[in-house]
Amino acid sequence: MKHVVKILSLLLAVSAFWITLLQAAIVPQSHTWLLPIYFVVSLGCYGLLMVGIGIMQFPTCPQESVLLNHDIAEAKDFLSTNGIDIGSVTVLFNTKA
Amino acid sequence: MELADRAVGLLLSSISLSIFTYYTFWVIILPFVDSDHFIHKYFLPQDYAILVPVFAGVTLFSLLCVFIGMVMLKSKKKKA
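Those protein sequences? They're chains Z and B, same order as listed.
Sequential numbering of the first sequence, starting at 1, is according to this note's numbering.
Sequential numbering of the second sequence, starting at 1, is according to this note's numbering.
Hints listed in this document are in silico derivations from the structure and should not be mistaken for laboratory results.
We put the beta carbon where it would ideally sit given N, CA and C, even for glycine.
Treat the hints with care, as some may be off.
Stated by the list, open to error - Label-pair distances were calculated between CB atoms; the ranges are:
| no. | chain 1 | residue 1 | chain 2 | residue 2 | range |
| --- | --- | --- | --- | --- | --- |
| 1 | Z | Q29 | B | T21 | 53 to 61 Å |
| 2 | Z | S80 | B | V54 | 54 to 62 Å |
| 3 | B | P31 | Z | T60 | 40 to 48 Å |
| 4 | Z | V66 | B | L3 | 13 to 21 Å |
Work out the full structure, taking the sequences as your base and the hints as a guide.
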């Protein structure tokens, strides 16, 4: 509940600022009309940038991947010798931290 | 595997940065430039600065609705 109130108050403050800017005409009026769209586009751009940076910095641990594959092979071996039938599931994936 | 991840991340961030700078130029800087400067050749007329984001937003929203509708139909079919 509190988070929604924070976001709504922020939105209200930004719209009040925009309306006063429209009335005061410090910046040319045609300019001011484009401001909300500009902010929405820049917000979308910022989100995309954060996603891109997060993808670039995603840590991987290749040693864990090797160990995990080893464990999987061992487990399949054990289960097949003890009579439980595993459908040929060869899962080879990169372990991400 | 890591290299592919980093390439995708780099591509995404470069796309977002270029869109941001192009749009900033278009909306904020260009109106203050004289109308016979050469830089106006590289930018579409200002009306498109509103149309393109609105069109993209509407397309995104409609794709989202289509996706949600398809998921709902699929779940209904599975139950029946």
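These are the hints, each one checked on the structure:
In this structure the supplied range 53 to 61 Å is violated for Q29/Z paired with T21/B, their Cβ-Cβ distance being about 25 Å. A hinted range of 54 to 62 Å holds for the C-beta pair S80/Z and V54/B, which are about 60 Å apart. In this structure the hint that P31/B and T60/Z lie 40 to 48 Å apart at CB holds, the actual value being about 47 Å. For V66/Z and L3/B, the hinted distance range of 13 to 21 Å is satisfied, since their beta carbons lie about 18 Å from each other.
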